[in-house]
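Top line first, the protein sequences correspond to chains A and B.
Heads up: the first sequence begins at 1 in full-length UniProt numbering, then just goes up one per residue.
Heads up: the second sequence begins at 1 in full-length UniProt numbering, then just goes up one per residue.
Certain hints may be false.
No distinction is drawn between identical chains; accordingly, a pair holds when it is met within one copy or between any pair of copies.
[Claimed, not checked] In silico DSBU-like cross-links for lysine-lysine, where the CA-CA straight-line distance does not exceed 30 Å:
#1 K56 with K285
#2 K234 with K26
#3 K313 with K14
#4 K127 with K14
#5 K261 with K41
#6 K233 with K250
#7 K26 with K127
#8 K250 with K313
#9 K127 with K188
#10 K233 with K98
#11 K234 with K98
These aren't lab readings, by the way, just hints derived from the structure by calculation.
Since this is a predicted model, take the numbers as computed values, not measurements.
Listed here are the chains, written in short residue letters.
2 protein chains.
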Amino acid sequence: MTENHLELVQLINKRLEERNYGSEPKELYDPIRYIMSLGGKRMRPLLVLLAYKLFKDDPETVVDQALAVEVFHNFTLVHDDIMDNAPLRRGKATVHEKWDANTAILSGDVMMVKAYDMLLDAPANLKQIVHDFNACAAGVCEGQQLDMNFETLATVDESAYINMIRLKTAVLLGFSLKLGAMLAQSSKEDAELLYDFGVSIGIGFQLKDDLLDVYGDQAKFGKQVGGDIISNKKTFLLLKALELANEDQKKQLDYWLGLEKFDAVAKVEAVRTIYDAIGIEALTKAKMNEYFDHGFSDLEQLDIEEEKRASLKRFAEYLIDREH
Amino acid sequence: MTENHLELVQLINKRLEERNYGSEPKELYDPIRYIMSLGGKRMRPLLVLLAYKLFKDDPETVVDQALAVEVFHNFTLVHDDIMDNAPLRRGKATVHEKWDANTAILSGDVMMVKAYDMLLDAPANLKQIVHDFNACAAGVCEGQQLDMNFETLATVDESAYINMIRLKTAVLLGFSLKLGAMLAQSSKEDAELLYDFGVSIGIGFQLKDDLLDVYGDQAKFGKQVGGDIISNKKTFLLLKALELANEDQKKQLDYWLGLEKFDAVAKVEAVRTIYDAIGIEALTKAKMNEYFDHGFSDLEQLDIEEEKRASLKRFAEYLIDREH
Chain A
1 MTENHLELVQ
11 LINKRLEERN
21 YGSEPKELYD
31 PIRYIMSLGG
41 KRMRPLLVLL
51 AYKLFKDDPE
61 TVVDQALAVE
71 VFHNFTLVHD
81 DIMDNAPLRR
91 GKATVHEKWD
101 ANTAILSGDV
111 MMVKAYDMLL
121 DAPANLKQIV
131 HDFNACAAGV
141 CEGQQLDMNF
151 ETLATVDESA
161 YINMIRLKTA
171 VLLGFSLKLG
181 AMLAQSSKED
191 AELLYDFGVS
201 IGIGFQLKDD
211 LLDVYGDQAK
221 FGKQVGGDII
231 SNKKTFLLLK
241 ALELANEDQK
251 KQLDYWLGLE
261 KFDAVAKVEA
271 VRTIYDAIGI
281 EALTKAKMNE
291 YFDHGFSDLE
301 QLDIEEEKRA
311 SLKRFAEYLI
321 DREH
Chain B
1 MTENHLELVQ
11 LINKRLEERN
21 YGSEPKELYD
31 PIRYIMSLGG
41 KRMRPLLVLL
51 AYKLFKDDPE
61 TVVDQALAVE
71 VFHNFTLVHD
81 DIMDNAPLRR
91 GKATVHEKWD
101 ANTAILSGDV
111 MMVKAYDMLL
121 DAPANLKQIV
131 HDFNACAAGV
141 CEGQQLDMNF
151 ETLATVDESA
161 YINMIRLKTA
171 VLLGFSLKLG
181 AMLAQSSKED
191 AELLYDFGVS
201 IGIGFQLKDD
211 LLDVYGDQAK
221 FGKQVGGDII
231 SNKKTFLLLK
241 ALELANEDQK
251 KQLDYWLGLE
261 KFDAVAKVEA
271 VRTIYDAIGI
281 EALTKAKMNE
291 YFDHGFSDLE
301 QLDIEEEKRA
311 SLKRFAEYLI
321 DREH
């Protein structure tokens, strides 16, 4: 991350710390302060401000609107964690664990309202911004529902999987960039190009996440390598392997997927061996690079100064190259 | 209800039936169609249109915005029913019973988004409308949290109780009326008077609901008479009785509140006898009428034709006189 980016993240974190979401009843507002204080990379509001800076020089005037996407993102985490029965978030207790499910439902609801509230002082394009935010928010809910649906299916085809990660993860990155453009009153074309860039990069990120779970360097990767294999998670790698496996490989995969009790290391090793035989790493990398390339070609079409294009590209490359 | 009101309700129901909230994934959108089809009096969108009609003659142009408050109201019912563990809503299975809690959480979330979406084509005052809707929506969440908090307290004082029902129920009625005024571009003064009128009438309604549970006519009252007494619900009647009871009455009340097993008819009879001795019915009626009177005095100050004022007053009186 460049010094410039760090400055923006510091601005975001400072404003988040100062933010007053509400006070009474504290059972409603304490969980909001809690989840917002757990940190995170603040990538989404950073994308808002970086997109804004492509067109205007006063990002400090639209920080509240940038924070709206961070509050919304954290709202989805609070509700997703209930649905996924997740005990931990960023290494700390989830809201429904620290309080209870009812508190997590209701605090989440009020976070969504606060996200809308933070958009309201947009200097321009309010109707378009709320319209696009609604489409994005509905999409994120659809993606979460699809993800839950997939758990009960034997397999899912590639296009359905890509559509799910597009909705669950990528549209919010696209919206964040487009929001910055709309706040800066860019041309409609540039706003759409930034949206498409964000969505493509977002899909690429998720594929990379899937890849790192199996082929990542444990020292750099934040989570347990092989966690997705252990939990039978329907990642791009597994779905592609189920699609392309020969009869014997399919039998082996089904064996490991069906075991109720198993040695975790042995399962990860066995499934990775099947992946290797099929060439899943290269296939996933190719698909991931397809989306990254698509995103970068959108970036090339933006009607902005070369220096700014290069800076945004450097930031995207920084995000792409991270190993965690 | 006058013929004119019935026509508006028919318009509301027709548009609700035509409405497309979304289609895929159906696990997300089916519950929305289900809860919206269970009916209800559609009082909130009717209030939007009635307020609009005080100032303009084309209510058919703002039906979508009126429906936003109905969708929002039903969203709160879906989430409240999870929190309250309620099996039935309007005599049918609640969403979390018919599907599951995760579906109810996520479908509810998307309903909130759709409510915002339906506000967007407001012909005027969009920023103010979304701002006020946010304040109302946060208030409703605060009211629900306070209501849940009260369950764990021995008692609650009158002002805290009134504040809870104001937030949980009344502010949405006030907002509905103010929304109609804002859509019609009324003066700020008239919009505020209508808001205050709705809040006061809403508090009065809730006090009347509390009263009808104990002193209502079983034949006209939709629910089981005495249901609040059976479940130890902290209504205005119980809180006032706990406040005003003498030592002996307090002991009797505590005895019935503390029983784990009891004969329902005997408990209702015994608690009502204590209420009668303290004069709770008259006290509650006095408090209720205080709010109704306050509301009607706001109505008197509205800068509108006398005929329209009389019509709105008749509608409010119709709502007040209902026994269910």
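Outcome of the hint check:
1. K56 with K285: Neither, since 36 Å and 61 Å both go past 30 Å.
2. K234 with K26: between (39 Å within a copy, 21 Å between copies)
3. K313 with K14: Intra 26 Å, inter 51 Å, cutoff 30 Å: intra-copy only.
4. K127 with K14: both (28 Å within a copy, 27 Å between copies)
5. K261 with K41: neither (36 Å within a copy, 54 Å between copies)
6. K233 with K250: Classified as within; 16 Å inside a copy, 59 Å across copies.
7. K26 with K127: between (32 Å within a copy, 28 Å between copies)
8. K250 with K313: neither (40 Å within a copy, 73 Å between copies)
9. K127 with K188: This pair counts as both: shortest intra-copy Cα distance 14 Å, inter-copy 22 Å.
10. K233 with K98: both (26 Å within a copy, 27 Å between copies)
11. K234 with K98: For K234 and K98, the Cα distance is within 30 Å both inside one copy (29 Å) and across copies (27 Å).
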